[in-house]
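Start counting the sequence shown at 1; every next residue gets the next number (the numbering used here).
Fair warning: there could be bad hints in the mix.
To be verified - Here are the simulated lysine-lysine pairs, BS3-like style, with alpha carbons at most 25 Å apart: (1) 744 to 729; (2) 381 to 336; (3) 370 to 744; (4) 640 to 301; (5) 460 to 381; (6) 938 to 903; (7) 1026 to 1042; (8) 447 to 466; (9) 811 to 644; (10) 811 to 868; (11) 811 to 595.
To be clear, the hints were calculated from the coordinates, so they are not data collected in a lab.
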Amino acid sequence: MPPPVRLWESPEREREGKRVVLVVGVGCRNLMAYGRFLARSLLSASGSPSAQAPRRVRHPASALCWEEEKKVATVVEPGARESEGKRAGRNAHAQNAQRRPLSVQQQQQQQRHGGFSAVSRRPFFPALAWSVQELRAQPPPPPSILCPRLLSAEGGVSAQARWASLFTSVAAAAAAASSSSSSSSTKTTTASPSSSFSSSSSLSPSNPSSLHLAAAAMPEKRPFERLPAEVRPINYGLCLKPDLIDFTFEGKLEAAVEVKHATNQIVMNCADIDIITASYAPEGDEEIHATGFNYQNEDEKVTLSFPSTLQKGMGTLKIDFVGELNDKMKGFYRSKYTTPSGDTRFAAVTQFEATDARRAFPCWDEPAIKATFDISLVVPKDRVALSNMNVTDRRPYPDDENLVEVKFARTPVMSTYLVAFVVGEYDFVETRSTDGVLVRVYTPVGKAEQGKFALEVAAKTLPFYKDYFNVPYPLPKIDLIAIADFAAGAMENWGLVTYRETALLIDPKNSCSSSRQWVALVVGHELAHQWFGNLVTMEWWTHLWLNEGFASWIEYLCVDHCFPEYDIWTQFVSADYTRAQELDALDNSHPIEVKVGHPSEVDEIFDAISYSKGASVIRMLHDYIGDEDFRKGMHLYLTKFQHKNAATEDLWESLEHASGKPIAAMMNTWTKQMGFPLVYVEAEQQEDDKVLKLVQKKFCASGPYSGEDYPLWMIPISICTSEDPAHAKMQVLMDKPELTLVLKDVKPEQWVKLNLGTVGFYRTQYSSDMLESLLPAIRDLSLPPVDRLGLQNDLFSLARAGIISTVEVLKVMEAFVNEPNYTVWSDLSCNLGILSTLLSHTDFYEEIQTFVRDIFSPIGEKLGWDPKPGEGHLDALLRGLVLGKLGKAGHKATLEEARRRFKDHVEGKHILSADLRSPVYVTVLKHGDSTTLDTMLKLHKQADMQEEKNRIERVLGAISQPELIQKVLTFALSEEVRPQDTVSVIGGVAGGSKQGRKAAWKFVRDNWEELYNRYQGGFLISRLIKLSVDGFAIDKMAAEVKAFFESHPAPSAERTIQQCCENILLNAAWLKRDAENVHQYLLQRKASPTAV
């Protein structure tokens, strides 16, 4: 497809039943600067001082661009077919919502034009509705800054001359067209039009090889360098004007900067936006216009070149630029939503972390380069406009009565990745926290009631953090807003926190208990960042874990304060601690602290190591120091570095000062080296004492560690006994490979357990005698829940690694028959799910399902289907977990009851409670047919609440018939599923059955271009890959996955791909090693009358 064409037309230039139309844009948004110039020339020729702003029109066929110069200025008969763009400008907003993402074929066509910026690879480019006054006042930029990326790619001066010639020819044609239909003409001196398109013939379709020219000329990849220190921002004055119809925005930046060292260029970050003009005005001196822009696309930088040296001192940098409201859920992007009346519309929203502020405005997009921000937005007057700070002024926009300009107060000094703005339609609920901060929760229109729970949590959380840190929240307000299309769970933008709808909205009648808990945790996490991350910011992305690990720990502390009935710290072990250990046992894990260079590397470390392992080692550190000294150290850290940047070592120094303990020495063993230890322990009775011998070695998912080096950790060891299971009898810091301890007055019949509370980030392997003595404490529940969980999880991981037999673990699992705790059951369920997936590769899969039914039946019968008086949050979670597990495993009574309740729900006789919907849905689908799937898809379409849609999307993959599996996968990429939720649907299919796993992997390969185009450069691409292939257990599949991604690179997911291949090989080894023994055990157990 040839480069796109931009048409401008003047509404007042109708002569003799015709109107003049001018073709002005070719393939790159930079050329819109010339579009304004040429449109201005045309309007000026009319002699009409009251000429209106040019209307935006797109020509339906870009090929017009390649025709001879006589068609550059042409006329269109009235009544001729309207272009897509003109209809969009004239029709209602909702009618523009039907645009689809580019097809794979369109993307491939665009890629043939290499060298253009990412935003230039579009079938059409919306232009900006500039006023006539702006058009007349705006001088054309000099030819030297015309599309510098295109010029440099095509050969410098000669290309520049060709393109300059082209545009003088266009100007001449415009003047000729104008003078032929007007009595009052304006003469313009131009070059001869005869050379216009012949000069650029090398770019025509007749010479397709030339279309690869720009890409071929791209420089080789260079080592990444951070921005030079010559110029630094003090304040950004930023005005943005988004167009919610054409999905573009224009921006004006006036930045107060300091030139620290004399230079003739300014280097900034810039991606997917095009600069029109730039200048620098030294304080008290004349303005200097930039003479060139050099875009380094690979490093996402632009260099502004100036004709003279910029001397040391203060000055103002001015930049006019344009960009696209993209559909990639990063930068300044568009988010589709549906109004209560059913219309489809779009909001303009932001997501800048880690390195996407540069997609909204040219900036110094590094966390250590902080500045203040004065933000204003020009928006439709019927839309809500929000930013980090409170609104200080809202007034009509002088050039358009339908717009208003909204100005916001100046921000504190902050990093660019925390800047945010939102333009859309929202309702809100509000309150003030006890310390006087205005708290608002913004919801979709008509759903304000669903914001009340998050509002309550936020209003409790702010004072909690203020007291905990002894540092007040520094802004006058905090807004929490639900965004329809949002890749992450939430983002901690200072003063304007953005969330997925499912992470913020709670319907009192239709939200389940797990959703309420999730919202509480996410709100707690993001508000913690307002101090830890926003007030004090990491110096560079290497210290990302400091932000995310800390917030992932303290969110639990906050929720435990607000909702003690959640028993949230036990859930932490299952949700974060064990998840981190599972990943960190791989050879392809990484240390908590990873040296980050190029921005593309940042996405790789937004994973369970930075979040969950980070949170786990902070939890261990807090326990080692004690709460009082920990709080003192946190206060010292936050006050010392407020409005500044800090590194990991700065936090250790503050905590060491407060506690007097060797924090840095200890924590470096956890953050700077990969992995974690396995502590082997055996006991010997010596009279009334027990002598323990402890040995630490690195724990590996592939089996006993056999490396040449001997990594060591400084491990806080805590030990309890049956005499007092809830309190430590001994605490010691193990800083050597082996350690011998004497426990006084511990009788032979008393058991001993390491890692009280499962707080230390290590696994424990007990001698057979010690393990045998602990099993009765599981059955009689004398061991606390979190320790029962930790013991079972350690054993399961040891079996996966081949250190002990899987049969041993199955025997221990049977000891949990009396278990009442939700979180213990949740972890047990997860591990049995992993084992079931592994054994789906065998012919005795049904036997493991029988085992699952036997294990879960007693607790299922005890709980029943309906809540009992006095039950609480955890009982509701447990009931849903157990019934879902029994239903999927084919428990007959559960299946029959689920079908009955589902029928009543669909017919409206008795609506299922929110807590029962997931288990009922997954049960009927697992054992359902095409009618069941159609009914579920109908429920999805009718659902008004995103939580319900997501609930259905996650279980659709349980369907088992091949043709229905394919139908679900097709549905995943349909307009019915939000872009960020497609991954959950595909992942549900892959995890639903052996057939689903194969079908999902094939679907991902067949649709890779579309999926990669949608998610590239973000964590969703990594999640998609992991969910699609992690369940395989055949060696050749690892080779197949590796080969596919060698030919279809996904740089931001490279580590995830390696981890997935490693997991597949580990699964295959596990299956070969233990499958037959497990089969024999299950058969023997089935024949035994003592089976559970």
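Cross-check of the supplied hints:
| no. | hint | verdict |
| --- | --- | --- |
| 1 | 744 to 729 | holds, 9 Å |
| 2 | 381 to 336 | holds, 19 Å |
| 3 | 370 to 744 | violated, 57 Å |
| 4 | 640 to 301 | violated, 32 Å |
| 5 | 460 to 381 | violated, 34 Å |
| 6 | 938 to 903 | holds, 14 Å |
| 7 | 1026 to 1042 | holds, 13 Å |
| 8 | 447 to 466 | violated, 30 Å |
| 9 | 811 to 644 | violated, 55 Å |
| 10 | 811 to 868 | violated, 32 Å |
| 11 | 811 to 595 | violated, 44 Å |
In this structure, the earlier hints numbered 3, 4, 5, 8, 9, 10, 11 are contradicted, and the remaining ones agree with it.
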